[in-house]
Amino acid sequence: MEYKKRTRLSMFLALSILLSIIESFFPIFGGIIPGMKLGIANIIIVIVLFLYGRKDAFLVAILRVFLMGMLRTGIFSITFFFSLTGSLFSVGIMALLCKTKLSIIGISIMGSIFHSIGQMITAILILKIPNLIFYLPFMILFSLITGMFTGYLAKQSIQHIQKRL
Amino acid sequence: MNKSDLKLIVSILGITILFLIIFSMIQKQEAKTALIYYQNEVVQIIDLTQNEQRDYIVEGENGPVVIEVNKGKIRVKQEESPLHICSKQGYISKNTEMIVCLPNKIVIQIEAKNIIDTVAR
Chain V
1 MEYKKRTRLS MFLALSILLS IIESFFPIFG GIIPGMKLGI ANIIIVIVLF LYGRKDAFLV
61 AILRVFLMGM LRTGIFSITF FFSLTGSLFS VGIMALLCKT KLSIIGISIM GSIFHSIGQM
121 ITAILILKIP NLIFYLPFMI LFSLITGMFT GYLAKQSIQH IQKRL
Chain G
166 MNKSDLKLIV SILGITILFL IIFSMIQKQE AKTALIYYQN EVVQIIDLTQ NEQRDYIVEG
226 ENGPVVIEVN KGKIRVKQEE SPLHICSKQG YISKNTEMIV CLPNKIVIQI EAKNIIDTVA
286 R
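Residue numbers (our numbering), protein chains in the order written: chain V, 1 to 165; chain G, 166 to 286.
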């Protein structure tokens, strides 16, 4: 069974990279506040977290960041560190909360918000612009909406996948 | 969605609205100075209370960046970058607002300070 799980996880990883690449073609919200995006790749992380557990979710999230860095942004560039801290914050809080009473949607919201918070902290530390903190409330409100959206999609996907596993 | 999700959403909304109120109080202060940074160094200080209308040209990472000041508002008019995020952002005019142009390593930031305080610092 081990190889089956490994194959499935690598397919989820490939899917999350695909979603990240597709998303990078459509900077829909970049006009309102720079750096905003839907975060649809997070759907995959949520799915893995609920189907396989914390360890595998961390693994997929970190591998995704490194592979995205190699494929598109360049490894160890500024953008790479932004997504690394963002992802770690997001998976971290989701792993902490996944055993609480919150549903998938609530956990996805928290993941999305902590992704913004992680990126904000990196931005403040690397770029040395403390005033960026004033964008945080807007980022959090936006994350609330995108988190609900991705959480809903993840919930639907999990229901469908579980039937076929 | 269950009850604890709703509680979570309501508390997040409450906290962000509280922060927005505090931040908007900071933004209301009158004195306004725009600071233009290149690689974290201040390269230009502009007094936005002067109501003047002129263009400033700052050297960025990919060439000159044209910054337009228009009646207390400031924006990036022209710049060389892949996505043109900062020129699409348009005008900013309130305290603590900022424009970040990462490819050019240029940051424009409005602070609630007198131009004299800023220069003295």
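There may be inaccurate statements among the hints.
Stated by the list, open to error - Each computed DSS-like pair below joins lysine-lysine, with the alpha-carbon atoms no more than 27 Å apart:
(1) G/K238 - V/K99
(2) G/K253 - V/K128
(3) V/K4 - V/K155
(4) V/K99 - V/K128
(5) V/K99 - G/K278
(6) G/K278 - V/K155
(7) V/K37 - G/K253
(8) G/K278 - V/K128
Stated by the list, open to error - Not the full set, but computed from the structure, chain V residues with beta-carbon under 8 Å of chain G:
(9) I113
(10) L125
(11) I129
(12) L141
(13) I145
To be verified - Computed footprint of chain V on chain G, listed as stretches where at least three residues anywhere in the stretch have a Cβ under 8 Å from a Cβ of chain V:
(14) 227-234
(15) 237-244
(16) 253-265
The set of hints was computed from the structure by calculation and includes no laboratory data.
Quantities reported herein were computed from a predicted structural model and do not represent experimental measurements.
Backbone N, C-alpha and C define an ideal beta-carbon position, used for all residues, glycine too.
Comparing the hints with the structure gives:
1. G/K238 - V/K99: violated (49 Å)
2. G/K253 - V/K128: Given that 27 Å is the threshold and the Cα spacing comes to 23 Å, the pair holds.
3. V/K4 - V/K155: holds (23 Å)
4. V/K99 - V/K128: violated (36 Å)
5. V/K99 - G/K278: The given pair, whose Cα atoms are some 48 Å apart, is violated under the 27 Å limit.
6. G/K278 - V/K155: violated (49 Å)
7. V/K37 - G/K253: holds (16 Å)
8. G/K278 - V/K128: The given pair, whose Cα atoms are some 19 Å apart, holds under the 27 Å limit.
9. I113: OK, holds: V/I113 within 8 Å of chain G, min 7 Å.
10. L125: violated (12 Å)
11. I129: holds (6 Å)
12. L141: It holds, given that the least Cβ distance between V/L141 and chain G is near 5 Å, below 8 Å.
13. I145: violated (10 Å)
14. 227-234: violated (count 0)
15. 237-244: Contact hint for the region 237-244 of chain G vs chain V: violated, 0 residues under 8 Å.
16. 253-265: holds (count 6)
The structure shown violates the earlier hints numbered 1, 4, 5, 6, 10, 13, 14 and 15.
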